[in-house]
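Use the sequences and the hints to build the structure in full.
For reference, the chains in residue letters:
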Amino acid sequence: MTTHYLVLSALLFAIGGVGVLVRRNAIVVFMCVELMLNACNLAFVTFARQNGNLDGQVIAFFVMIVAAAEVVIGLAIIVTIFRTRRSASVDDVSLLKY
Amino acid sequence: MGESITFWVLAVISVIAALGLVFSRRAVYSALMLGVVMISLAVLYAVQDAPFLAAVQIIVYTGAVMMLFLFVLMLVGVDSSDSLVETIRGQRFWAILAGLGFAALLALGIGNAVVGAPRGLAAATQAGNVPSLAELIFTRHVFAFEVTSALLITAALGAMVLAHRERSEPKPTQKDLSRQRFVAFGKTGKNPAPLPGPGTYARHNAIDMPALLPDGTISPLSVNRYIARYEESQGILPPEVARVLEQEEAAQRANGHSTPTLADEAGDDGPDTEPMTDEGVVAGRVVGARGEARSEEDGK
Amino acid sequence: MNGTIEAPTIEYALLAPLLVVFGAAIVGVLVEAFAPRYLRSAIHLPLTLLSLAGAFALAVWQAVKGVPTEPAAMGAIAVDGPALFIWGTILILAFASVLLIKDEEHFVGAAAAVPGSAEEEQALVERAAHTEVYPLLLFAVGGMLLFPAANDLLVAFVALEVMSLPLYLLCGLARRRRLLSQEAAVKYFLLGAFSSAFFLYGTALLYGYAGSVDLVKINQALGSVGGQDTLLYIGAAMLGVGLLFKIGAAPFQSWKPDVYQGSPTPITALMASGTLVAAFGALLRVFWVGLGGLDWDWRPVLYGVAILTMVVGAILAITQTDIKRMLAYSSIAHGGFLLIGVIATGHTQAENTSALTGLLFYLVAYGFTTVGAFAVVTMVRDAGGEAWHLSRWAGLGKRSPLLAGVFAFFLLAFAGIPLTSGFFGKYAVFQAAVANGATPLVIIGVVASAVAAFFYVRVIVLMFFSDPAADGPSVVLPSRGTAAVVGFAALATVVLGVFPQPVLDLAHTAAQSLFVR
Amino acid sequence: MEPAEIIQHSGGAIGAAWLMIALPLVGAAVLLLGGRRTDKFGHLLGVLMAVASFVVAALSFVQLLGFAPGERRRGIELYEFIPGLAKMGLLVDPLSISFCLLITFVGSLIHVYSIGYMAHDPNRRRFFAYLNLFVAAMLLLVLADNYVALFVGWEGVGLASYLLIGFWQHKPSAATAAKKAFIVNRVGDFGLLIGIFTIFATFHTLAFDGVLANADKASSGTLTAIGLLLLVGACGKSAQLPLQSWLLDAMEGPTPVSALIHAATMVTAGVYLIVRSGPIFQGAETAQIVVTIVGVATLLAGAIIGTAKDDIKKALAGSTMSQIGYMVLAAGIGKAGYAFAIAHLITHGFFKADMFLGAGSVMHAMNDEVNMRKYGALRKVMPVTFVTFLIGYLAIIGFPLLSGYFTKDGIIETVMEHNAVLGWLAVLGAGITGFYMSRLVFMTFFGAKRWEPTAHPHESPAVMTWPLIILSIGAIGLGAFLVLGNRFMTFLAPAVGAPEEMPAFHPFSPTGLATLALVAAGAVFAWLKYGRAEVPALAPRGSFLTTFARRDLYGDALNEALFMRPGQWLTRLAVFFDNRGVDGLVNGLAAGIGGTSGRLRRVQTGFVRSYALSIFLGAALLAGAWLVVGNL
Amino acid sequence: MPWLSTLMGVSVLGALGVTLVRNDKLAKQFTLVVSLIVLALTVAMAVQFSPNGDKFQFAETYDWIPAFGVHYGVAVDGIALVLILLSVILVPIVVLASWHDAEAGKRSVRTYFSLLLVLEAMMIGVFAATDVFLFYVFFEAMLIPMYFMIGSYGGAQRSYAAVKFLLYSLFGGLLMLVAVIALYSIAGKGTFMFTDLVGTIQDVTTQKWLFLGFFIAFAIKAPLWPFHTWLPDAAAQAPAGAAVLLVGVLDKVGTYGMLRFCLELFPDAAKFFTPLVITLSVIGIVYGAIVAIGQTDMKRLIAYTSVSHFGFIAMGVFAMTTTAGAGATLYMVNHGFSTGALFLIAGFLIYRRGSQYIADYGGVQKVAPILAGTFLVAGLSSLSLPGLSTFVSEFMVLTGTFQRYVVPSVIATVGVILAAIYILWMYQRTMNGPTAESVKSLPDLNAREKWVVAPLVALLLVFGFYPKPLLDVIHPAVQDTLSSVSVTDPQPAVPVAQEGQ
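Chains as they are written, first to last, in this note's numbering: chain H, 1 to 98; chain E, 1001 to 1300; chain U, 2001 to 2517; chain X, 3001 to 3632; chain D, 4001 to 4501.
Just so you know, not all the hints are guaranteed correct.
What the hints assert, rightly or not - Computed cross-link-like contacts, DSBU-like style, restricted to lysine-lysine with a CA-CA straight-line distance of at most 35 Å: (1) D:Lys-4366 <-> D:Lys-4025; (2) D:Lys-4271 <-> X:Lys-3217; (3) D:Lys-4468 <-> D:Lys-4025; (4) X:Lys-3180 <-> D:Lys-4366; (5) D:Lys-4450 <-> D:Lys-4366; (6) D:Lys-4189 <-> D:Lys-4271; (7) D:Lys-4055 <-> D:Lys-4271; (8) E:Lys-1190 <-> E:Lys-1175; (9) D:Lys-4440 <-> X:Lys-3171; (10) X:Lys-3374 <-> D:Lys-4366; (11) D:Lys-4450 <-> X:Lys-3171; (12) D:Lys-4055 <-> D:Lys-4189; (13) X:Lys-3171 <-> D:Lys-4366; (14) X:Lys-3180 <-> D:Lys-4468; (15) X:Lys-3217 <-> D:Lys-4468; (16) D:Lys-4450 <-> U:Lys-2398; (17) X:Lys-3040 <-> D:Lys-4025; (18) D:Lys-4440 <-> X:Lys-3180; (19) D:Lys-4450 <-> X:Lys-3180; (20) X:Lys-3171 <-> X:Lys-3449; (21) H:Lys-97 <-> U:Lys-2065; (22) D:Lys-4271 <-> X:Lys-3040; (23) X:Lys-3040 <-> D:Lys-4440; (24) X:Lys-3449 <-> X:Lys-3380; (25) U:Lys-2398 <-> D:Lys-4025; (26) U:Lys-2065 <-> D:Lys-4450.
If you are wondering where the hints come from, they were derived from the structure by calculation, not from laboratory data.
Structure, rendered in structure tokens:
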């Protein structure tokens, strides 16, 4: 059963990764990152049960806290740039290149 | 057996939802899909002896984080949607190739690992899940726990920095404001009174229902110009409203000056509430460019 | 279970440098909250500098008192020799970076105001300033201190975020060219979050493999756990992605030029020096302690990464036209050289010590020079703020020979010319690598540094051998802080280039015990 | 009879032999460094130094005669020149002292002559400085006791020759001629140098003493190699085939230079080298044969060239080539020929210098006109010049009892004994000599006036005619003095050895008669063609043979086709290759890196998603690589 | 007395002092005085050197970086001594010659002279270093002052030339760095002292690799064909004084390094690679000369002649006979004087007319006889005319090489002919013939310039006839070097008992 959970987690992680690559809306991109973090959490929880210690759950808990803080900062940045450019597309922020 | 069923159901749901997150055009749908994934995962946590985490997942993630996402989405424009055209050459191909490859690699790696039966958490959670977690958090991981406070402070501070603008002058009181209004009235004849809301004396007060004057005619002041514009484009503008607007326009041309309208006031609110239109984006760009130019100037 | 939890033991004395920095950050937040606006800056600056100096003093005191051999704070943190050395380095570099931001020149007055809007204008008029940058910076520095000292992957992850989040913010706060600055923040943030997801996934897999995130236990598990090697390999690789991203190794380097260019220059200085040092410290700890028994497997992989990094950094830098961007690529190339040192693990303690000594020395040398170089960048201005475009630097040697001379000296140090600190840094790393059989890598490194020398030399050519443009940039009279930083960095570059022995000794002493295991 | 041992010597004039070299050297240094300050007395100082040198040489000669014949090789150590290779030392022996006397005596006369000849040249002081330099270098060449010092002198005279040929360096032709002389000489020196290397590799010494006394111990292959290489050097310096081409061009120099350097002394250095290295050649028969062949070929070639030249100096230069050919031929024969070679060298020094100076006198009178077709009937206006020239002429064609008769016929006789074919060729050469020298005399002094309208010939001043007179005296009597009674052969024997039995002098031997007959025929033929008949002002086209001779036997054409043209191509190719090939590779590499950079930086598109893709792909690669490595 | 440190110290202090002097003229005089003091001190030191004493004399050794086993170790043997002498003799001459060079542009005159003195210190250091690492440090650090001298004060293409020079040398140096590191690691002695490292590398394969690392750096520096293309650019663009030091001294570090390090540290590899090196040298001799013939730019031409001459030196070094080795060392010194004179006089000419192109001249001899005369002397020294010191060295190199390698030595001798062509042709085109209109009013050498040329010509002449003082110092050192490579001179086919020869 553990393997199943892990494969699910891997799938979700990969889907999240692909999402980051294909979506242009910065918020959606960020949501995909969150999906990846969730996938990690699933892995942690699964491994916690597998290994018989609670460290995994603790870590998952910490990840949630970190993610929450990260979301705040991230969204604040995204909103700032949206206000400047009237666009949430990540492709529009490409002045810095080469 | 029960776990299996739960897993398979939720696994399918969460994968589909994840795919939905990635592939739905509208950002709001994506957000909702993410919510679905999160809730599914919460259940899976619960199934895997992590009731506390399941709760936290629902409360913190789905409850707080997702709401934040939605909030920002609303701010940015709820109906914004990505165009389907990929502008970076080869991006999609490589992305999907990399995604598949990566998934295959992970699956292969995990599948290859010899994983025995789960040891279970019975031994670790003799004192119950939450107390045991608490013990770990407050002993072994106490330092990490303490440091997360820095993270949270940073987050708060960051949000403040980016979103909050400190007032540099005292907030005008009601008295100040009404004095201002009358000064303006004296100078320009601008109506000092509040504008009529929609639906006054009318059948209902929906936003698209103009107020009626005592004589039963429509008050042009109460016509929401955005809606009017929209309805006009859809061809469903009520004829009486159209008439009133035409009259008003004619009067304006005759007077040579405009009377304040709702639309003007709305426009004064600043660009944040402006609808997400193409012109808006262009305007924003222009503003941005101008801002750039100016900010370069003030380096002196 | 009676519901009582035995109180954890935390070695406050050991962690004092960390606590001072975090404490000062929190005090700073309180100052933000309660102090009147006109006083804030006056409070923040001494507070920040004092706390950094105090933390440095505490770290030194710690080192003098004796380096502990056991992890502290319930095994979460390892305050060992290398950690203390890295702490000291980071604290000095952070101190210098803070001196650079002293003048409010670099940061936007009101971040919430849209560029070009009336609000921004007003903020300018009011001389508004975001004094929050000081506490934010302290948080970042706190993260940097924690990152290389983290003894388990959880703390490492948290530290990574503590370090990164303030930096994401700070990147976006440049006073001029705000679009670029905000773009840098978005890019850094999105990519940073992306890479930390990889880090986390790697942590998860390693946790699954070893049943613990404690580096020492992971290492112990390397020998004892069977059948789950794929978990280990993929986990280690994912962990590597997160770490290599932070040091800007190819192919994870792409954020660096953009972010370095867009950020306010003092923040770039901090990132280029402090973050790099911290990230290398963490990388070393993870790979040497956590995956020490696996070096046979990760060495070839890092081999490839190092080669790619050096080549990409050196080659791409050649055609750059923006000074900060060029320095960013240079930083990538240097990351590659440093990776050579990471790979140079040997089989005996002495060999490892010499490799570690070399790395630590390199980090110090490079960090000082980098801060100095960016400090010079802040001083060369034209109407639009800092003159980034290289063509604007033409003839600087005539207009301001001293500054141009110092900058040229920094560039020569980057290029690794003898009698500069950069030379001994490279030498120490290369020597360790050759001693441990990585000679081919060293040869590639040498060729890359020859290529890299080209663009350093190109700047010198521009500054000294080209005629100045008529409307060329002017060199502003530096504030005392900036002048001190430039002077100190130049001095350090000279002294480390002529008498490296004391610092080498120090690094050697720090590296003697290696990492706490 | 083998050469005698060298005895270390000090004291007396011989002990001060270094003064011979030092005095003119000081003269040259003073004149060159002193600059215009020395303009007034420069020529006098030059003459003084040359004469002083002659005095030292004469005193040394006298002292040398005071020793028993077996003790007449005196070595003088000066100082250590190149530690491990050579000491700077002098060797005064009959051979070198003969040369010294010739050089200093003729040299002094020419110095004197030059006072008049160069009177109107603003750079006369420099001219005398160079002449002094030449004398010093030439004396070092002949006095050196080892090959290195010899080489120093050897190149020193080359330098002096270069400077003097190019004395009128504002004339491009003179500058080119000077350069050509030096470079062709360098080709010869190339051979000489390698010869010296071989000597050192074989003997580990370069002193004549050590090398020549031990030559018989070396293998004949080595000796042949050394001999041939030395011959190359000799060919360069003595204008022997195939390195003859520079000598005719060298006539661009002032006439006294041609007389001193390109007739009397420097060009004979090759003969000196061969004679001095006698023991080496004696151990290498092949080399000796080659020497004789070169000698014969050159004597004929020079004579042929001489027949066709209208330029009086070039005709004389052809003659010089030819006469040196005789000397080389004689030197190639070995001990039997050495004395004749040197004797002819000495007499030739006199009569050829006499004729060159005479030619100079004529030119001086004719506004530096050198074309003999514009001379004619000068015997009346320039009687002294005519008479002295006539004596030189008779001497060179071997008119009985004059110098050339004894020395040249001596050579022909000796060669005939040695090898009949060579002998008859030498006789033929004598015949041609009779023709072209007669032609020269008839065209210049006889016949009708063909002068340019502006020419007002007159006899030269005494300072120029007295040297002519003195030289012509030598041209008359020196041959008889040296050859009769094998006086010279006996004198030289301690230095170069001598044949077991001394040759007897046969007046009117068959060979001698044949020679005389041929010479007379040549002279008569010349009289018919140039004395009696009208000489056209412009040279007629002439036959193929004439053209062949006029073009210096196509020597220059050959050089141009074989060396210059390919050399130019090679140079251009090399420059092109260097710029495009070697440097192009370097620059190309740099440009390649730059180009790579320019292209590669486009990968940094500025799009976050591209960056994320690189991270994602990188992560996949990293994980994949790790898996691969881990499972290996 | 710590002679060598004093020499360097005086130079460095002088360099600092020059930057402090406010007046350009005073700065020049100050530089001249400092360089003369250094010269006097060096001569005083050289007098005390005993040729047959210890191999290394005036040794000073202090720990510098114990962590790397690096010492500040300086000392001289005969080879180093004569090269240091060369350097310190050339510096005052260059100072005097460069009196107005730095004024042409708008650059700081003081900086130029300060760089010159810094360079002097480094030149002394590089030859005196007895610690391999210290040698490397000087080897690389020397590039920087020279880079600035070319780049700031050179001709139109100066920055291209300077960058090419720096990068090319740096590249070689970095390869050498790898070898230096590997030498240290493999020797395992924990020290960089040269004497301790000699003989430590026994494995031939290792030796070969290390040899290549060192050799390529030296071959670039020297420069040996085909690594030479930076030299014409650098020398042609550098101001004449800098060109003199570049070609006269800096490049000697390459050949010096071959003799000192390549041979002694890696004797087996040196023997293995000898055919290769000799081949490269011979190609360089002939090729450099041929390309020189085809040059149209005077300074480039001189630079190519140096390529040819460096071929001779390298050949002499690797011929591994006493004669050739001593000849090569002497060649290094003589070439410094000879090329120095050539560059400086060409520099005077170019300074007058403002063009480096041969075609812009003609008939200068008529208007400036002293200039032309000295130019000819310098040229003749370049074509190794006997009586000038270059002849002695070239003769020794060729003689020594011939003992072991007949064919290369014969081909190399062709260079003697080619040398005559390139020098005399250049002389003819610039000095002879009708006076070109543009040079009609050229002034002859002034007193300062005569003082520049006179010592060089004097040295060329004196050592041309009496090279013994130098050779006496060089011989024991070369013999010592060769004995540590354990080669012996070939024996003659016909041994001739000669006392003292």
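Status of the hints after comparison with the structure:
At most 35 Å may separate the alpha-carbon atoms for a hinted pair to count; D:Lys-4366 and D:Lys-4025 meet this at roughly 33 Å. Proximity of D:Lys-4271 to X:Lys-3217 is assessed by CA-CA distance (about 32 Å); at most 35 Å being required, the pair is judged to hold. The hinted pair formed by D:Lys-4468 and D:Lys-4025 fails the criterion: a straight-line CA distance of about 39 Å is larger than 35 Å. For the hint linking X:Lys-3180 to D:Lys-4366, the alpha-carbon distance of about 21 Å falls within 35 Å, and the restraint holds.
This hinted pair checks out: D:Lys-4450 and D:Lys-4366 have alpha carbons roughly 18 Å apart, not beyond 35 Å. A C-alpha spacing of about 24 Å is found between D:Lys-4189 and D:Lys-4271, which places the hinted pair at or below 35 Å, so the restraint holds. The straight-line distance between the Cα atoms of D:Lys-4055 and D:Lys-4271 is roughly 23 Å, inside the 35 Å bound, and the hint therefore holds. The suggested pairing of E:Lys-1190 with E:Lys-1175 holds, with an alpha-carbon distance near 18 Å, which does not exceed 35 Å.
Restraint check for D:Lys-4440 and X:Lys-3171: satisfied, since their Cα atoms lie roughly 16 Å apart, inside the 35 Å limit. A hinted pair counts as satisfied when its Cα atoms are at most 35 Å apart, and X:Lys-3374 with D:Lys-4366 qualifies at roughly 32 Å. Distance restraint check for D:Lys-4450 and X:Lys-3171: the Cα-Cα separation of roughly 28 Å lies within the 35 Å cut-off, and the hinted pair is therefore satisfied. For a cut-off of 35 Å, the pair hint linking D:Lys-4055 to D:Lys-4189 stands: about 21 Å separates their Cα positions.
A threshold of 35 Å between alpha carbons decides the hint, and for X:Lys-3171 with D:Lys-4366 the separation of about 11 Å falls inside it, so the pair holds. Between X:Lys-3180 and D:Lys-4468 the alpha-carbon distance is near 34 Å, which keeps this suggested pair within the 35 Å criterion. At most 35 Å may separate the alpha-carbon atoms for a hinted pair to count; X:Lys-3217 and D:Lys-4468 meet this at roughly 31 Å. A threshold of 35 Å between alpha carbons decides the hint, and for D:Lys-4450 with U:Lys-2398 the separation of about 34 Å falls inside it, so the pair holds.
Proximity of X:Lys-3040 to D:Lys-4025 is assessed by CA-CA distance (about 40 Å); at most 35 Å being required, the pair is judged violated. Our distance criterion of 35 Å between C-alpha atoms is met by D:Lys-4440 and X:Lys-3180, whose separation comes to about 27 Å. Of the pairs offered as hints, the one joining D:Lys-4450 and X:Lys-3180 holds, with about 30 Å between alpha carbons and a cut-off of 35 Å not exceeded. For the proposed pair X:Lys-3171 and X:Lys-3449, the alpha carbon gap of about 29 Å is at most 35 Å, so the pair holds.
A hinted pair counts as satisfied when its Cα atoms are at most 35 Å apart, and H:Lys-97 with U:Lys-2065 does not qualify at roughly 49 Å. Of the pairs offered as hints, the one joining D:Lys-4271 and X:Lys-3040 is violated, with about 62 Å between alpha carbons and a cut-off of 35 Å exceeded. Taking the CA atoms of X:Lys-3040 and D:Lys-4440, the gap is near 26 Å; set against the 35 Å cutoff, the hint holds. For the proposed pair X:Lys-3449 and X:Lys-3380, the alpha carbon gap of about 11 Å is at most 35 Å, so the pair holds.
Using a Cα cut-off of 35 Å, the hinted pair U:Lys-2398 and D:Lys-4025 holds, with the two alpha carbons roughly 20 Å apart. Between the alpha carbons of U:Lys-2065 and D:Lys-4450 the distance comes to roughly 70 Å, so the proposed pair goes past 35 Å and is violated.
Figure legend: structure checked against the earlier numbered hints; hints not met, in rising order: 3, 17, 21, 22 and 26.
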